[in-house]
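**Q** This is what each chain is made of:
There are 2 protein chains.
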Amino acid sequence: MKLIPTLAVATGLLAVPAHADPLPSWNDTDARSAIIAFVDGVTDPAADTYVTPDARIAVFDNDGTLWAEQPIYFQLVFAMDRARVLAEADPDWASTGVLEAAAAGDMGQVLGGGEGALLEVINATHSGVTVEAFQSEVRAWLEKARHPETGMAYDEMVYQPMLELLGYLRDSDFSTYIVSGGGIDFMRAFAEEAYGIPPEQVIGSMGEASFEIIDGVPQVVKQPGIAFVDDKGGKPVGITRDIGRKPILVGGNSDGDMAMLQWATAGEGPRFGLIVHHTDAEREWAYDREGPVGKLNEALDLAPESGWLLVDMAEDWATVYPRP
Amino acid sequence: MKLIPTLAVATGLLAVPAHADPLPSWNDTDARSAIIAFVDGVTDPAADTYVTPDARIAVFDNDGTLWAEQPIYFQLVFAMDRARVLAEADPDWASTGVLEAAAAGDMGQVLGGGEGALLEVINATHSGVTVEAFQSEVRAWLEKARHPETGMAYDEMVYQPMLELLGYLRDSDFSTYIVSGGGIDFMRAFAEEAYGIPPEQVIGSMGEASFEIIDGVPQVVKQPGIAFVDDKGGKPVGITRDIGRKPILVGGNSDGDMAMLQWATAGEGPRFGLIVHHTDAEREWAYDREGPVGKLNEALDLAPESGWLLVDMAEDWATVYPRP
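Line by line, the protein sequences give chains G and X. The first sequence: position 136 = 136 (the numbering used here), numbered continuously. The second sequence: position 73 = 73 (the numbering used here), numbered continuously.
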């Protein structure tokens with residue numbers, strides 16, 4: 001048995017910790033050091049902070065944590081674009097004032113209608129279709145839609161430092177999950193390609209769905225109505241239901257992530273909470289305590305005493321997007 | 001690079017297909033051959049039936065498929081036992097006739113009350129407690145509860161041939177999931193030890209749950225009310241929500257599994273449906289078209305034309321339980 005390590009290293013069969021720099025888009029600041037120290041601690045079998053690979057579970061919010069979310073959640077842009085397409089195909093589709101506004105691209109009026117109006121637009125644009133067909137539409141939309149301010153494709157607006165963090169964690173035998181208020185079917189359409197996160201590791205909000213046999217073909221069809229909202233207190237519940245154990249690393253960026261940060265960083269053993277703080281008005285956006293999207297207020301106050309790492313985008317990230 | 005295979009085999013670093021017999025508790029019948037032929041086909045990179053490991057997803061019902069379910073679902077026995085414990089601790093607990101019957105162990109009266117009565121007992125015995133505490137109680141119950149007819153611990157009444165099938169599939173780079181009408185928190189208390197299936201690969205029915213901070217400790221607490229019933233058409237929906245892709249192998253034993261059998265065995269590529277047919281009155285129980293538990297009627301009729309393998313317990317299994 002003595003030969004194995006030598007042979008394995010010689011032939012490259014073992015995962016040698018060969019990361020000269022696992023996080024090249026992170027500046028050499030305390031944030032980067034804290035992340036690396038945590039990962040070193042839980043992966044070193046000799047350390048009393050060691051965690052077995054099956055318990056190395058890391059969860060990340062999506063909007064504002066893995067990709068951008070300004071000036072409005074990208075999924076809502078998709079919903080508005082789809083409303084227009086549906087209304088063009090069927091003049092009777094926009095049967096209410098809210099749906100008319102959505103089909104006309106009047107984001108202000110839809111947002112002005114509050115949660116009820118948003119729900120109406122989501123329900124009408126995210127139902128009556130099989131999951132497969134819906135995801136094909138999301139992918140087709142991502143191909144051609146462009147962000148109004150950056151001109152980039154939406155799935156180019158993922159954060160390069162977070163892609164590196166996801167890869168670093170997986171190389172360190174973590175399982176990496178998304179836990180987002182975004183729609184689960186929407187995110188699964190691109191999460192594997194964008195983040196390397198397979199469908200079974202995406203947790204999100206869910207609409208109603210039904211099993212139907214259509215023209216002899218068994219299908220799961222998206223229905224109107226919200227079955228589960230994976231936000232705030234819903235996040236620990238969603239993680240409990242889907243994963244069934246508590247993550248040891250949580251990343252978020254807003255008060256919507258506070259409950260899962262509190263829950264996952266409480267308790268025995270090494271735990272790591274991370275908040276992406278949007279401080280970079282030049283390369284991205286600067287926002288926290290106010291605004292309709294990604295409000296970070298209570299969790300910002302709670303971060304110091306809770307020991308959560310505040311990632312200062314302007315200071316800690318050398319790069320924001322994969323393509324500058 | 002040419003050295004690697006030799007070195008790897010010599011040092012045992014690669015998983016060599018060394019299964020002299022991967023299914024020793026299966027008799028040498030057509031059922032066994034069909035399973036092995038399917039696994040060979042999807043794992044042979046040269047075959048046009050080859051399936052990449054990430055898509056090798058196998059799902060199994062639990063009650064009657066992985067462990068026994070007669071004379072009544074084991075989770076219901078747990079609920080009745082817990083009702084007695086709760087009523088002993090708090091004389092006011094049994095506040096209705098149904099709960100009184102449950103606390104008194106009167107299964108006939110509870111079953112006679114139909115679905116409403118069952119739901120009442122489940123709600124009252126599966127809520128008001130954190131998920132962790134609930135699972136500790138399930139484990140403590142499994143330690144001491146014994147089946148009224150066999151005298152065995154309930155988690156000894158798992159099917160040895162199915163344990164071997166799960167292991168064989170995992171050795172062949174399948175992911176193995178439970179997809180059961182049983183309660184998700186109940187099953188997760190023993191699934192890893194009994195079946196080698198980790199919590200994140202258990203899908204089941206779910207009660208309501210809430211996030212609460214109790215005495216400063218963030219917790220997920222089980223609440224009354226059913227959030228999701230993972231049975232019949234709920235199974236394809238549950239799989240879609242949790243896994244996000246269609247399994248290529250499905251095992252069940254009752255009409256409750258028919259929708260997921262139909263859904264997963266339809267479509268492109270190699271697909272395998274399997275029904276455990278309870279034909280063995282001597283070593284287990286013989287039942288199918290009638291009865292309150294595990295009714296197999298419509299799916300039995302549909303099996304031949306659908307190409308689902310009917311596993312004849314009496315004929316195909318050399319052993320039923322791990323310990324004879």
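There's no promise every hint is true.
EDC-like cross-link-like pairs, simulated, lysine to aspartate or glutamate; straight-line CA separation at most 20 Å [said to hold, decoys possible]: (1) X:Lys232 x X:Glu212; (2) X:Lys144 x X:Glu212; (3) G:Lys232 x X:Asp280; (4) X:Lys232 x X:Glu192; (5) G:Lys144 x G:Glu212; (6) X:Lys232 x G:Glu193; (7) G:Lys232 x X:Glu156; (8) G:Lys232 x G:Glu298; (9) X:Lys144 x X:Glu156; (10) G:Lys232 x G:Glu290; (11) X:Lys232 x G:Glu208; (12) G:Lys144 x G:Glu208.
Cβ pair distances, simulated, as ranges [to be verified]: (13) G:Ala314 x X:Pro322: 55 to 61 Å; (14) X:Gly41 x G:Ser95: 47 to 53 Å; (15) G:Asp171 x X:Pro148: 47 to 53 Å; (16) X:Arg245 x G:Glu282: 39 to 45 Å.
Simulated from the structure, these hints should not be mistaken for laboratory data. Beta carbons: idealized from backbone N, C-alpha and C, even for Gly.
**Q** For every hint, state whether the structure bears it out.
**A** Verification of the hints:
{"no.": "1", "hint": "X:Lys232 x X:Glu212", "result": "violated, 32 Å"}
{"no.": "2", "hint": "X:Lys144 x X:Glu212", "result": "violated, 31 Å"}
{"no.": "3", "hint": "G:Lys232 x X:Asp280", "result": "violated, 50 Å"}
{"no.": "4", "hint": "X:Lys232 x X:Glu192", "result": "violated, 24 Å"}
{"no.": "5", "hint": "G:Lys144 x G:Glu212", "result": "violated, 31 Å"}
{"no.": "6", "hint": "X:Lys232 x G:Glu193", "result": "violated, 32 Å"}
{"no.": "7", "hint": "G:Lys232 x X:Glu156", "result": "violated, 40 Å"}
{"no.": "8", "hint": "G:Lys232 x G:Glu298", "result": "holds, 12 Å"}
{"no.": "9", "hint": "X:Lys144 x X:Glu156", "result": "holds, 12 Å"}
{"no.": "10", "hint": "G:Lys232 x G:Glu290", "result": "holds, 17 Å"}
{"no.": "11", "hint": "X:Lys232 x G:Glu208", "result": "holds, 16 Å"}
{"no.": "12", "hint": "G:Lys144 x G:Glu208", "result": "violated, 28 Å"}
{"no.": "13", "hint": "G:Ala314 x X:Pro322: 55 to 61 Å", "result": "holds, 60 Å"}
{"no.": "14", "hint": "X:Gly41 x G:Ser95: 47 to 53 Å", "result": "holds, 50 Å"}
{"no.": "15", "hint": "G:Asp171 x X:Pro148: 47 to 53 Å", "result": "holds, 52 Å"}
{"no.": "16", "hint": "X:Arg245 x G:Glu282: 39 to 45 Å", "result": "holds, 40 Å"}
Going down the numbered hints, you'll see the structure goes against 1, 2, 3, 4, 5, 6, 7 and 12, while the others check out.
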